[in-house]
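Number of protein chains: 2
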Amino acid sequence: MILVTARSGFTGALGWQPLRSKEVTRWSDGRSSSSLSWWEGASGDRRFAGAEERGITSKVLWKMGGMTSRVSGGPAMSRPQTPEPARPAQEDSPTGTGGEDTGDGIQHSHRMLSFSDALLSIIATVMILPVTHTEISPEQFDKSLQKLLATRIAVYLMTFLIVTVAWAAHTRLFQVVGKIDDTLALLNLACMMTITFLPFTFSLMVTFPEVPLGIFLFCMCVIAIGAVQIECSAHRALYRQHILGIVLRGPALCFAAAGFSLFFYPLSYLLMATVIFLPYVSKACSWCKGRLVGPQEPPAHSVEFFTFDLHEPLSKERVEAFSDGVYAIVATLLILDICEDNVPDSKDVKEKFHGSLVAALSVYGPHFLAYFGSFATVGLLWFAHHSLFLHIRKATQSMGLLNTLSLAFVGGLPLAYQQTSAFAQRPHDELESVRVSCAIIFFASIFQFAIWTTALLREEETLQPSARFGGQEHAFMFAKLALYPCASLLAFAATCFLSRFSTAIFHLTQIAVPFTFLLLRLLVRLALAVLRALRGLALPTPGAEDCTTRSPLLPSPC
Amino acid sequence: MILVTARSGFTGALGWQPLRSKEVTRWSDGRSSSSLSWWEGASGDRRFAGAEERGITSKVLWKMGGMTSRVSGGPAMSRPQTPEPARPAQEDSPTGTGGEDTGDGIQHSHRMLSFSDALLSIIATVMILPVTHTEISPEQFDKSLQKLLATRIAVYLMTFLIVTVAWAAHTRLFQVVGKIDDTLALLNLACMMTITFLPFTFSLMVTFPEVPLGIFLFCMCVIAIGAVQIECSAHRALYRQHILGIVLRGPALCFAAAGFSLFFYPLSYLLMATVIFLPYVSKACSWCKGRLVGPQEPPAHSVEFFTFDLHEPLSKERVEAFSDGVYAIVATLLILDICEDNVPDSKDVKEKFHGSLVAALSVYGPHFLAYFGSFATVGLLWFAHHSLFLHIRKATQSMGLLNTLSLAFVGGLPLAYQQTSAFAQRPHDELESVRVSCAIIFFASIFQFAIWTTALLREEETLQPSARFGGQEHAFMFAKLALYPCASLLAFAATCFLSRFSTAIFHLTQIAVPFTFLLLRLLVRLALAVLRALRGLALPTPGAEDCTTRSPLLPSPC
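One line per chain: the protein sequences are X and U, in this order. For the first sequence, the positions run 687 to 1244 when our numbering is used. For the second sequence, the positions run 687 to 1244 when our numbering is used.
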């Protein structure tokens, strides 16, 4: 059955948005149906959603079959699928017009979502600034300073988690809100502004735990965010009640928390912790239930129409955009301080350094060193993340959580490098800071590795078709993701034996790893060739001559 | 002629990248040709580039005709175009394989370019921080403080310009470097790190003008950036000599400047100014030449193969990504300070405010007010920018320059709001700060309006087809872009007459404008209806009854 698909929403007037598009499909037997296809971000794999119009998304998996792929030629669509009968059009949905919605300024806007991700990544990382600005000199590193630093780090981690939960809620909401008009864009800006206050109100709560004001302001923010989300969903989404049920959970709990803050604040904190950890707790509960009770049947069709729930995968594009924002901010964190504070004063240069600018700048040597190391490490971690997500088709909830954890530790890298540089002058204390730095690098990179492992466990669902069958590209990916964990573990172990040279070891690692990345392909090929040679030696067979030729690994791109 | 296009690079393994894709086109007469099609970012309009493989882009405009659009159904391709004969395959380009390049890890990566844009937008705006952190209290606003502030503002504007020039060079380079492999991605990170040092070295130059070190470091950065760009172009681009000629201009001039800095530094500054302003001067010269000499014939085919030059339009997607980065950073600039500095100390609250957290926070009232205003204004300017670029298909050089100017003034908004809030307590000085704020808002928004006007002057080239024929959407766009200029002009004028109430006027404007944006569509429709009614009254004709019905304006989406 030849299928001609007119991808009207795509190359249409409002531009090509990889988030949503509308297709008018003409079957060769004369039927015409309109569907809102849902593209998996930039992955190229399509999941078609059922007969929907005007920005209302349903998630009925309406598989169009392999025919479309023959026309478009995409290898990703070569899986055979049985076409299901077209579902009748939903109520308020005009039949296939084939053109974009007009007159109400409705558009697809992945740019708006990218902008939101940029804002949210800035807000998520805002509380690193007090951490990196904590004046730590090796001589004064006493208990109270340690406590202050620990408090600030805890505040950073909690606010990072809180803003990530808000970002995930935003992502889920806009996965069901199909199209965006002007009003929705403005409401989204209001939502963003409210989210930007969460870190500050959290800091207030931490500094003044018994005062109700902090709790009250935090809960007001959450309620305001919920109200805006309800307004957003009112515009565009189907099954409003189901959405409301989910969107209202957080604000309702916070309303109760605000009330309790006036006379019994520990309960307020408990309720707020529930709000923050609820998505993860809920997911863990359903996983346990699945293990105990056994796999459940998919829900009935009426519910299947709408699956806006906490267990749906995150949009891969938004995960990438949010991660890119965090990586960019953390990478440039230290240069902000260098540009602002480390330009020597002309008077100081004349008086203290007798006019020698070089001497004045060399005082700041550790700051520059810290910046180089921090940028190089964060940049290479981004590079590994980028390569990883090229292979990934869909980001599941567990992968999202691991990504969040990885990003949280990435945020600690500037502090790690600052400490290592600052403590380098004191041979006794540098050991501890070098070890802490190695630990941070290890955790930031091991969670990335865990994302890949998680993806491999559910290959058919999460990986790109071309990356599914092992081979050389898997070896490259493994090498890229394992490099930093191994390097940091080696450095940590080396400091146990050669504690006197811990700084030198650390700097050596910093220099060696980027070069290893550059030569990675060469090294992996060498390693594979050596493995093959060893295998050939171990198992001599008549076919052993074939081992010397290039083994039939699937040549898939990286 | 029926054309079946297999969009292999598209839904292919590496995902769908709206920047590049490879198409194998089978003409109905049996010819087969492979082309690298170049998508205009997210606009959906396609410009096909000539027979290229393996990441080498040429810009021969190989128009494929409207046939492709019939298959894909995109209305944007309905312009009739004559197909030109296929050009023979370039030297090292294998004929149509139809699959992605393999084994070398070559991929399309608009994510890498977005990440680069994020980094560059952070670096471009880094020197706002000293400006907003300048301690200005109304009592101490004397000459020396004014001079310091003016110097810092000048440094910010110059570094913004410098980084924008670097960003534009990066954009042009990656418009010809088609595909990106691991090595290129790592080289790009090195390029980014070098660019991050430009603001610091510029600050050094400004603080120590006669010392050669600042000039030397700046020139070293430019030379290093040039070296990395040459290395990037070596990998992937055709017509290397032509690229080298352009890429090497900046570093060569800077090399000369570094040499001169040792004995005659004014010449160094002249050479460096040439490097920074060269693109704009070159463009202005060619425009003047065009006016004097008359329109020139397009160059011969051999040069046409490669048009990596300073007059090609910028990639719209990169303009949007860079602008989004700047808007996001400026919008959240003040909350960074609030989160870090404006959490009251518990001791202070007990001693100075007798335990009243509300009193302690109200000291920071102006900071919160400044943040609200700043976020709201920047957010709404982003919203206008977003609506503007939905209509735009291609960003010309002049539009890019106007965008840069607009973004530079947007960066001044946090300072404007800070001053307005800080000076509000002193009725005599507030007038000046309110006027300065109105001026900054006016310039930030008028340059956006100028982008639209420039686009209208060359409609066929710059606007989306659907937005080309005037109508209601033009009226909406005009209203959106004119709102801030008019509001700020009105406020400025009002302060001339009612100077006593200047703060109140300013705050009123701040509140009124967001609401006006929300009601904009309604207001524009009302205005259009009034205009039609007036026209109907002025020219009574038998057809006047038709005026009351909806006029046949092209209902194109916003």
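Please note: incorrect hints may appear among the correct ones.
All copies of an identical chain are treated as equivalent in the list; a pair is satisfied when it fits inside any one copy or across any two copies.
As the list claims (entries may be wrong) - Straight-line C-alpha distance at most 30 Å; calculated DSSO-like pairs for lysine-lysine:
no.	residue 1	residue 2
1	K969	K1080
2	K1080	K975
3	K833	K1080
4	K1036	K975
5	K833	K969
6	K829	K1080
7	K1080	K1033
8	K1080	K1036
9	K1033	K975
Keep in mind the hints are simulated off the structure, nothing from the lab. Note that the structure is a prediction, hence the values are computed from the model and not measured.
Here is what the structure says about each hint:
1. For a Cα distance limit of 30 Å, the shortest separation of K969 from K1080 inside one copy, 17 Å, qualifies, whereas the shortest one across copies, 45 Å, does not.
2. Taking CA atoms no more than 30 Å apart as the test, K1080 paired with K975 passes inside one copy only; the shortest distance there is 24 Å, against 53 Å between copies.
3. For a Cα distance limit of 30 Å, the shortest separation of K833 from K1080 qualifies neither inside one copy, at 41 Å, nor across copies, at 55 Å.
4. Taking identical chains as interchangeable, the C-alpha atoms of K1036 and K975 are never at most 30 Å apart, the minima being 72 Å within one chain and 50 Å between chains.
5. Taking CA atoms no more than 30 Å apart as the test, K833 paired with K969 passes in neither setting, with 34 Å inside one copy and 58 Å between copies.
6. Taking identical chains as interchangeable, the C-alpha atoms of K829 and K1080 are never at most 30 Å apart, the minima being 46 Å within one chain and 59 Å between chains.
7. In this homomeric assembly, K1080 and K1033 never come within 30 Å of each other (Cα to Cα): the closest approach is 58 Å inside a single copy and 50 Å across copies.
8. In this assembly of identical chains, the alpha carbons of K1080 and K1036 never lie at most 30 Å apart, being 59 Å within a copy and 52 Å across copies at closest.
9. When the C-alpha separation of K1033 and K975 is checked against a cutoff of 30 Å, the pair qualifies neither within a copy, at 69 Å, nor between copies, at 49 Å.
Hint violations for this structure: numbers 3, 4, 5, 6, 7, 8 and 9, all remaining hints satisfied.
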